[in-house]
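**Student:** Just so you know, we're using our numbering here: the sequence shown kicks off at 146 and counts up by one.
Hints are computed from structural coordinates only; laboratory data are not their basis. Heads up, some of the hints might be wrong.
As the list claims (entries may be wrong) - Simulated crosslink set (EDC-like; lysine to aspartate or glutamate; CA at most 16 Å straight-line):
#  : residue 1 : residue 2
1  : 314       : 339
2  : 292       : 181
3  : 206       : 295
4  : 340       : 304
5  : 216       : 258
6  : 292       : 184
7  : 239       : 229
8  : 291       : 364
9  : 337       : 310
10 : 206       : 269
11 : 340       : 310
12 : 340       : 181
13 : 291       : 170
14 : 307       : 336
15 : 307       : 212
16 : 291       : 176
17 : 206       : 258
18 : 292       : 176
19 : 183       : 283
20 : 183       : 295
21 : 307       : 339
22 : 314       : 283
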Amino acid sequence: MFKVIRRAWRYLVFALSGRLDELSDPRIQIEQAIQEAKEQHQRLSQQAAAVIGNERELEMKLARSLEETEKLQANARQAVLLAEQARAAGDERKALSYEDSARAFASRLMAAETAMGDVQLMHERARQSSAQARAAVENNAMALQKKIAERMRLLSQLDQAKMQEQLNKAMGDLSGLTPAGDTPTMDQVREKIEKRYARALGEAELTSNSVEARMIEVERAAIDVEGAARLEAIKESLARDRKPEVEG
Numbered sequence: 146m147f148k149v150i151r152r153a154w155r156y157l158v159f160a161l162s163g164r165l166d167e168l169s170d171p172r173i174q175i176e177q178a179i180q181e182a183k184e185q186h187q188r189l190s191q192q193a194a195a196v197i198g199n200e201r202e203l204e205m206k207l208a209r210s211l212e213e214t215e216k217l218q219a220n221a222r223q224a225v226l227l228a229e230q231a232r233a234a235g236d237e238r239k240a241l242s243y244e245d246s247a248r249a250f251a252s253r254l255m256a257a258e259t260a261m262g263d264v265q266l267m268h269e270r271a272r273q274s275s276a277q278a279r280a281a282v283e284n285n286a287m288a289l290q291k292k293i294a295e296r297m298r299l300l301s302q303l304d305q306a307k308m309q310e311q312l313n314k315a316m317g318d319l320s321g322l323t324p325a326g327d328t329p330t331m332d333q334v335r336e337k338i339e340k341r342y343a344r345a346l347g348e349a350e351l352t353s354n355s356v357e358a359r360m361i362e363v364e365r366a367a368i369d370v371e372g373a374a375r376l377e378a379i380k381e382s383l384a385r386d387r388k389p390e391v392e393g
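Use the sequences and the hints to build the structure in full.
**Tutor:** The following block contains the structure:
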């Protein structure tokens with residue numbers, strides 16, 4: 146009994162889903178897809194901004210760590226020099242005091258250098274993540290622009306389909322082949338099948354994001370190669386310009 150009820154429920158859900166698909170306006174569905182793509186791009190941009198912000202924060206922390214280690218190193222060096230001067234002057238007690246200070250500065254310097262090494266490692270990882278985030282935002286922006294262009298094409302095609310459907314209906318009415326009652330003609334059945342098939346093709350085009358993403362990666366790779374070649378040409382031009390100055 147339970148299996149029968151579950152099977153009937155599944156059939157009802159499937160039937161209702163199919164009916165909702167038939168009643169859905171393709172124009173609204175296209176706009177919903179574009180809006181969702183825009184919101185996704187905004188979320189991606191916000192996440193990328195957070196990643197880049199973390200990189201900037203680590204840069205400032207690394208700069209402070211470097212400044213601190215340089216200061217500690219200078220203090221330790223100064224303490225050693227003062228200890229040598231005190232010992233040369235015959236003041237052994239003062240020399241020992243300066244040496245104790247030098248050891249304390251050296252210990253703090255070792256701890257600061259260890260902490261700075263950890264910050265450098267985190268900064269390098271953050272730098273790589275920032276580069277990936279920037280590339281992801283750029284790729285997604287290009288994909289969004291292509292979807293917007295695709296929206297215009299699909300809306301135009303939808304309008305053409307509606308006009309064609311109206312023309313087909315008018316021609317069918319004029320042909321005098323419409324039977325009385327609720328029995329559909331073969332033309333009506335074929336039109337319904339073709340309409341569903343055309344709509345399925347449209348949905349397949351909207352869901353081809355993974356293919357578009359691979360195409361965008363190829364395009365970006367080609368642009369990077371051209372940019373690298375252009376940079377080498379600029380370097381060679383600068384080298385040629387500097388050569389006469391060196392010879393002169």
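**Student:** Work down the list of hints and note, for each, if the structure agrees.
**Tutor:** Hints versus structure:
no.: 1; hint: 314 / 339; in the structure: 14 Å, holds
no.: 2; hint: 292 / 181; in the structure: 11 Å, holds
no.: 3; hint: 206 / 295; in the structure: 46 Å, violated
no.: 4; hint: 340 / 304; in the structure: 13 Å, holds
no.: 5; hint: 216 / 258; in the structure: 12 Å, holds
no.: 6; hint: 292 / 184; in the structure: 13 Å, holds
no.: 7; hint: 239 / 229; in the structure: 10 Å, holds
no.: 8; hint: 291 / 364; in the structure: 13 Å, holds
no.: 9; hint: 337 / 310; in the structure: 10 Å, holds
no.: 10; hint: 206 / 269; in the structure: 13 Å, holds
no.: 11; hint: 340 / 310; in the structure: 9 Å, holds
no.: 12; hint: 340 / 181; in the structure: 25 Å, violated
no.: 13; hint: 291 / 170; in the structure: 22 Å, violated
no.: 14; hint: 307 / 336; in the structure: 12 Å, holds
no.: 15; hint: 307 / 212; in the structure: 71 Å, violated
no.: 16; hint: 291 / 176; in the structure: 14 Å, holds
no.: 17; hint: 206 / 258; in the structure: 13 Å, holds
no.: 18; hint: 292 / 176; in the structure: 11 Å, holds
no.: 19; hint: 183 / 283; in the structure: 13 Å, holds
no.: 20; hint: 183 / 295; in the structure: 14 Å, holds
no.: 21; hint: 307 / 339; in the structure: 13 Å, holds
no.: 22; hint: 314 / 283; in the structure: 46 Å, violated
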